[in-house]
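Novice: If you're matching them up, the sequences are chains A, B, C and D in order. In this text, residue positions in the first sequence follow numbering that gives the first Met the number 0: the first is 0, and each later residue adds one. In this text, residue positions in the second sequence follow numbering that gives the first Met the number 0: the first is 0, and each later residue adds one. In this text, residue positions in the third sequence follow numbering that gives the first Met the number 0: the first is 0, and each later residue adds one. In this text, residue positions in the fourth sequence follow numbering that gives the first Met the number 0: the first is 0, and each later residue adds one.
Because the hints were derived from the structure by calculation, they are not lab data. One should not assume that every hint holds.
[To be verified] List of simulated lysine-lysine pairs, DSS-like, C-alpha gap at most 25 Å:
| id | chain 1 | residue 1 | chain 2 | residue 2 |
| --- | --- | --- | --- | --- |
| 1 | B | K334 | A | K141 |
| 2 | B | K452 | A | K141 |
| 3 | B | K361 | A | K118 |
| 4 | C | K197 | C | K220 |
| 5 | D | K308 | C | K220 |
| 6 | B | K770 | A | K108 |
| 7 | D | K215 | B | K41 |
| 8 | B | K663 | B | K334 |
| 9 | A | K151 | B | K447 |
| 10 | D | K67 | B | K770 |
| 11 | A | K146 | B | K447 |
| 12 | B | K287 | A | K123 |
| 13 | D | K308 | C | K197 |
| 14 | D | K308 | C | K221 |
| 15 | C | K211 | C | K221 |
| 16 | A | K123 | B | K363 |
| 17 | D | K308 | C | K211 |
| 18 | A | K71 | B | K469 |
| 19 | D | K170 | A | K42 |
| 20 | B | K673 | B | K663 |
| 21 | A | K151 | B | K259 |
| 22 | A | K141 | B | K447 |
| 23 | B | K506 | B | K287 |
| 24 | A | K151 | B | K334 |
| 25 | B | K353 | A | K118 |
| 26 | A | K146 | B | K673 |
| 27 | D | K67 | A | K42 |
| 28 | A | K118 | A | K72 |
| 29 | A | K72 | A | K42 |
| 30 | D | K67 | A | K67 |
| 31 | D | K218 | B | K171 |
| 32 | A | K118 | B | K363 |
| 33 | A | K146 | B | K452 |
| 34 | B | K41 | D | K208 |
| 35 | A | K141 | B | K363 |
| 36 | B | K363 | A | K146 |
| 37 | D | K215 | B | K174 |
[To be verified] Simulated restraints, written as ranges between beta carbons of each label pair:
| id | chain 1 | residue 1 | chain 2 | residue 2 | range |
| --- | --- | --- | --- | --- | --- |
| 38 | C | W64 | A | W129 | 34 to 44 Å |
| 39 | D | R68 | B | K353 | 33 to 43 Å |
| 40 | B | T803 | D | W97 | 28 to 38 Å |
Quantities reported herein were computed from a predicted structural model and do not represent experimental measurements. From the three backbone atoms N, C-alpha and C, an ideal C-beta is built for every residue, glycine too.
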Amino acid sequence: MNMELSRRQFMKGVSVGIAGTTLGALGFGDIEEAFASSIRPWKLANLTETRNTCTYCSVACGIIMYSKGDLKKGEKADIVHIEGDPDHPTNRGTLCPKGAGLLDIVHAKTRTLYPQIRKPGSDKFERVSWDQALDRVARLMKDDRDKNFIAKNSDGVTVNRWLTTGFLAASATTNETAWATYKVVRSAGMLAFDNQARV
Amino acid sequence: MTNSWTDIKNTDLVVIMGGNAAEAHPCGFKWVTEAKANRGAKLIVVDPRFTRSASVADFYAPIRQGTDIAFLLGVINYCIGNDKVQWDYVKAFTNAPYIIKEGFGYQDGLFTGYDEERRDYNRSTWDYELGDDGYVKSDLEHPRSVWNLLKKHVSVYTPEMVERICGTPKDKFLKVAQMISECSTPTKTMTSMYALGWTQHSKGSQNIRAMAMLQLILGNIGVRGGGMNALRGHSNIQGLTDLGLMSNLIPGYLTIPTEKEATLDTYMSTRGFKPLRPNQMSYWQNYKKFFVSFQKAMWGNAATAENSFAYDYLPKLDVPSYDMLRIMELMHQGKVNGYMCQGFNPLLSAPNRKKLTAAFAKLKFLVVMDPLQTETARFWQNHGEYNDVPTSSIQTEVIELPSTCFAEDEGSLVNSGRWLQWHWAGGTPPGEARHDTWIMAQIFQRLKALYQKEGGPAPEPIVNLSWNYKDPNDPTPEELAREINGSALEDVADPNDPTKLVLQKGKQLATFALLRDDGKTAAGCWIYTGCFTEAGNMMARRSTSDPDATGAYSNWAFSWPANRRILYNRASADINGKPWDDSRKLLWWDGAKWTGYDIPDIGPTMKPTEVGPFIMNPEGTSRLFTRGMMRDGPFPAHYEPFESPVANVIAPKVRGNPVARVFKGDMEQFGDAKEFPYAATSYRLTEHFHFWTKHSQVNASMQPEFFVEISEQLAKEKNIANGGWVRVWSKRGSVKAKAVVTKRIQPLTCDGKTVHVVGIPLHWGFMGETKKGFGPNSLTPYVGDANIETPEYKAFLVDIEPTTGPVA
Amino acid sequence: MTAYDVESGDQVHPGNPVTVDRYTAGARINHWITAVSLVLLALSGLALFTPALYFLTGLFGGGQWTRTIHPWIGVVLFVSFFGLFVRFWRANLWKAEDGTWMARLRDVLGGHEENLPEVGKYNAGQKVVFWAMSLLIIVLIVSGFAIWDQYFAQYTTIDQKRWAVLIHAVAAVTIICVWIVHVYAAIWVRGTINAMTKGRVTGGWAWRHHRKWLRELVGGKKPV
Amino acid sequence: MANFEFVTSPAPTKDIKVGLGDGDLVKRSASTVSPPAKSLTPVAKLIDVSKCIGCKACEVACLEWNDKRTPVGINHGSYDNPLDLTPDMFTVMRFTEWVNPQSQNLEWLIRKDGCMHCEDPGCLKACPAPGAIVQYSNGIVDFDHDKCIGCGYCVKGCPFNIPRISQVDHKAYKCTLCSDRVAVGQGPACAHACPTHAIVFGTKDDMKKHADDRIKDLKSRGFANAGLYDPPGVGGTHVMYVLHHADQPQIYANLPKDPRISPIVELWKGMTKYAGLAAMGAFAVIGLVHHVVTGANRVSPEDEANAEKLTGGRR
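Here chain A stands alone, though its shape is the one from the complex (with noise of 0.2 Å):
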């Protein structure tokens, strides 16, 4: 919004440039000053911009997301705030209400954090390292795979699947996980692939 604009010549004014800049770098200290004691210290002093799409619908806002520490220098990045990203054609800044509560997913206390499995008939997850899972995962693919794959049909055409295993895709992860993902499921023969395009 025109705001924004002005926002963008704000930052032009303490004469910095502005993508992947931090506030911290625009003076505030000297800004701060100018505040009454009513007004909020800013929030975004010091913090480190990235700019992300909006992981929800396919408007597929820009947003920026402000974090402690910058991924790109090797430090760990904690994201304190998210907003509309105002150079972005579509949503020029703006943000539905499950945009503008993106920080709240980012943080959502029900994320997942370890990998779990949980026993046939058990009542509860147990944790166990990534290795375990994932070799466990190969391991049950495998059996299936070699007990259940179909080369040859009845009319001895060969057909090179497996039908008793099936994959149901993302709708939300980058065309780049999907094409690795594209490549692993069919290469295994697998045909009961699905994606969330239909719900």
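Add chains B, C and D to chain A, keeping to what the hints say.
Specialist: Chains B, C and D only, in chain A's frame:
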């Protein structure tokens, strides 16, 4: 979307039907408000409910869910009857004048060739009459011309008939039809914004076709401010579809072979797409180039001319597709052992939850990769009324793998307008969460190792899978993106002049025009070629320049195909290449070549009078009559939902879509109007996104608790108190919810019968920050669209009564 | 034989000079609790009443504390004053001579008590103060609760609160004026303060200001 | 840098000064300020109810920006969640299903409720704590929580029922118009987020111009009574509404037709204060004067003698 979000600002009339853009896509809906404020555009909303979109509409008309085809064919009938047709467009750019084979017909709700046993058609008569030259015969006046057949087909959908079927008052329907028909002039365009409100029906594809046909008749396809704009739901569902993550797809809308196609040649024989009109481009003639390049991207050196480029490595289908509904059905029959869910929560997404739970319980193993603790991964956990399962008797082994979320990973997403936009990681993943690319690589590496060590059936496709990444355990997004775009495996020469080198070995491809069918090129997804070239990552471009403010933003990110922003854009100019509307130019023929604001979709030097705009069709024109492309008819026809409060007025004998796939046992699971008198529909709310935001505290506080919406009249009838508890049940299940009694839902009168609508939003489950609740999929029927198997979520039957709160 | 305006503990001690017990220890403690609360309430109240006196919040540890404490002191005052009321109300009932006394206010202010009727334990002025206090304290406690938002916000509408805050202010001003009269009178009429400090007055004081009361005591009348 | 042109939004306001200092105060509760040397351009937030889709993005953006959260409640039979303003919720959507008596059409009126930032702020007038409520020369009315004493007088002063007192720290809270964002040349978080630009922010003049365009558009669509809500009773506001039915604001969830500071509050904060001080002063002075004139009222030896005589009688 044929157009883009930012293009909507160029429209004169927005029709939101089969969707609720303001609610589900608020920031895209911005462009509707821009068009209204700047162009004086009007907004029409047609919906069973007075939605948030309707709250800012110029005109709202109610409609009974599942009757959109009758409404739209009614509008087409109105346009034809009142000669509100953009004739120059229709004659030049549609198949209206083409002659259809003798013997094609439509009667009692069925087209010729119906086989009740197979619930399928023999579609041989649904085609053009070809001349001896192999080209389609064309004569608009011919009694069997597409136009005349269409005229006859829609004639039954009079305003009175529309009112009987849809419950839309005649005057309201006529007002809508009149407003729409105004857009038949070349200088007025209408845009259609739709979403799952049209797709989630047993005839979803035909809903969309009906509007597409209307848009063609009005000359609104390929022009600025026009188009058929599907508002995709999830942030990258467009990309997942483009990349073919579906049972029967290969990236770029190529298809997986069936077992009838034993060899590459037989496979290619049905994919030649010889032009049906003189000089047509018929772009699919390049199919083999795309296919071979894909095979090379998959299997590199293992894909050789000798082994038909590893054709056998691809699995072959014995059925049309193993879509989600079919696989869940097989699971339910105990024929599936393993299932892997990547960022998908089918327990709440797929229809008939009771059936799903039973199906999952029959699995040996279930692997869930998700950043959030999903219900699916916990289907075995007892959560009282909300998930009442016998935990100890469920023998499924469940493995939950924590993945990162958007904020923590890098890569590209495809928006609804086909823009591939790159994003960067800004946060450290929590706990031990890892990127999905890493997880998939790890699974693959381990599987490959096992096959190398132990051997097993057909190990080649796995062990030979091309996996040339710097760190095979963790491919980077950039490496994968380059692979999708494709590169030259050897020097590529100009086909017309073998001495001329057009691309050096190892270089990234700049365009899919460079693809070869001899194995010299590799490309994961041909339609994305150009997204990561020698010039760099085009998806990361951030120029906001937009000459003459057309809304194209051609240097922002990358738009497939070939950075084209508006599909069929050649149709924005008349047969001579002169723009229909000078105030809204897009492309024009300058005497020697095509020029303008967008990348032309036909060859830049192809003469306007010779080559049709719809290059993916062999006839070069768009299709009012879709030949045998769709299983349920070359024209849309009105069919009631499988669960409908009233019988099909037009064809009383036909229940639902005659060719929609219904599994054994599911037919008995359909309820009828006597038992379940109320017409239910499911939908999203703006405060939430599917089953994700219930994990977000702030969103949970905005819309905390599961509810259903009913009219004041129904509430009175059933003495249901606003804010009180109700029980809603169908033949397949029962849920408890708060009641929201509202004026925004009104009873409809269909064929003299009062129809009450029950609205059921879909955002609640038993995990997350919101109050525990149910999803509509506890109630919805197990039937999908006849062509693409999208479940019928938007129209089903329920009963309702007041009750007391659940005991959690 | 009993008299309504002789209170328990009132007693004459002949001698030179004569002394008369006017207030028991209990009555005095009760009075001073009330007095102190009233003063604190006035100070804290005035601090919130006008910016000019906001500095007074300093006495209570700042604005937040002033806002917190004021209503509680109000409760203390109310309870404590209730005690006084129970002790004093009978002796403060209106009598014929009070009218005459009032009518001759000029002589009262002039100090010409020889022109005044003999009065009992309390003269009309004191009675007016007593009843005014009683009434105003009720008004203050009621309006006070209406604006004690920390606990009672939900029981009144904003418009009721607006009236309450206005009434509270007016009543407070009035009661402070009454208090000024009360205090001045005690200072002006020498020998009075002893009554509330030592509990005793001299016979002369009683003879001069409350002769009827003195006679009754001497006459050996007992309280009702 | 973006080169967008929003016809729907006013031209970029270049003259929004960076920084909001004590030097920019025009009003200060329970105290006086010397008028600023150079006044800032008055700013305003314009809420176009006819463009609002009630998506609550503004509510979420407000919570997120201000680092507040509000508890997960229950459904009350409407979309109004959270139900009301709280010390943490500075703004809420109020939904009204209104059937237009003329057209018989249903209209879903959705109003974003929150502080109106009155030119003549009743809260500030009522506030007893010096500097707890301030008004900047750009029109923003802000609470200074270090100075707030939680007396709730602002609640009584406000004609729009906006301020809320926290039961946690006993301080008053309300929309700050994102003074912290405005101070660095940004718009409020709600305007920044609003998907349809139903909420726009800029100089008050630009906002009024923008409103005129919107009203023209609405009139052209048949809303004959479309108009701007900038109530003169409170000297105008720095949060304004465009209403399709400006002739009856009360249909928008009881938006007051002619809001003004309650006369009771005016009386309390005006007359009463001065009269009261005068009265108390007067009484004290009269006492003093009386004492000087008449002197102390002393007991004479005769009185003592009479007393002894009276009691002596019983010896």
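Novice: State for each hint whether it applies.
Specialist: Consistency of the hints with the structure:
1. B:K334 x A:K141: 17 Å, holds
2. B:K452 x A:K141: Roughly 12 Å separates the two Cα atoms, so the pair holds.
3. B:K361 x A:K118: 14 Å, holds
4. C:K197 x C:K220: 23 Å, holds
5. D:K308 x C:K220: 18 Å, holds
6. B:K770 x A:K108: 15 Å, holds
7. D:K215 x B:K41: The hint holds at about 15 Å.
8. B:K663 x B:K334: Roughly 15 Å separates the two Cα atoms, so the pair holds.
9. A:K151 x B:K447: 22 Å, holds
10. D:K67 x B:K770: Measuring from Cα to Cα gives roughly 20 Å; hence the hint holds.
11. A:K146 x B:K447: 17 Å, holds
12. B:K287 x A:K123: Not OK: K287 of chain B and K123 of chain A at ~51 Å, beyond 25 Å, violated.
13. D:K308 x C:K197: Answer holds: K308 of chain D to K197 of chain C is near 24 Å, not above 25 Å.
14. D:K308 x C:K221: 21 Å, holds
15. C:K211 x C:K221: At roughly 14 Å apart (the allowed maximum being 25 Å), K221 of chain C and K211 of chain C satisfy the hint.
16. A:K123 x B:K363: Distance of about 17 Å is within 25 Å: holds.
17. D:K308 x C:K211: The hint holds at about 15 Å.
18. A:K71 x B:K469: 19 Å, holds
19. D:K170 x A:K42: The given pair, whose Cα atoms are some 21 Å apart, holds under the 25 Å limit.
20. B:K673 x B:K663: 23 Å, holds
21. A:K151 x B:K259: Given pair K151 of chain A, K259 of chain B holds - Cα atoms ~12 Å apart, limit 25 Å.
22. A:K141 x B:K447: 9 Å, holds
23. B:K506 x B:K287: 21 Å, holds
24. A:K151 x B:K334: 19 Å, holds
25. B:K353 x A:K118: OK: K353 of chain B and K118 of chain A at ~22 Å, within 25 Å.
26. A:K146 x B:K673: Violated. K146 of chain A to K673 of chain B sits at ~48 Å, over the 25 Å cutoff.
27. D:K67 x A:K42: Between K67 of chain D and K42 of chain A the Cα gap is close to 13 Å, so the pair holds against 25 Å.
28. A:K118 x A:K72: Given pair K118 of chain A, K72 of chain A is violated - Cα atoms ~41 Å apart, limit 25 Å.
29. A:K72 x A:K42: 22 Å, holds
30. D:K67 x A:K67: The hint holds at about 19 Å.
31. D:K218 x B:K171: 22 Å, holds
32. A:K118 x B:K363: 10 Å, holds
33. A:K146 x B:K452: Holds - the C-alpha atoms of K452 of chain B and K146 of chain A are around 17 Å apart, at most 25 Å.
34. B:K41 x D:K208: Holds: K41 of chain B and K208 of chain D sit about 23 Å apart, inside 25 Å.
35. A:K141 x B:K363: 13 Å, holds
36. B:K363 x A:K146: 13 Å, holds
37. D:K215 x B:K174: 24 Å, holds
38. C:W64 x A:W129: 34 to 44 Å: Since W64 of chain C and W129 of chain A have Cβ atoms about 57 Å apart, the given range 34 to 44 Å is violated.
39. D:R68 x B:K353: 33 to 43 Å: Since the Cβ atoms of R68 of chain D and K353 of chain B sit about 36 Å apart, the hinted range of 33 to 43 Å holds.
40. B:T803 x D:W97: 28 to 38 Å: 32 Å, holds
Hints 12, 26, 28 and 38, counting from the list given before, are not met by this structure.
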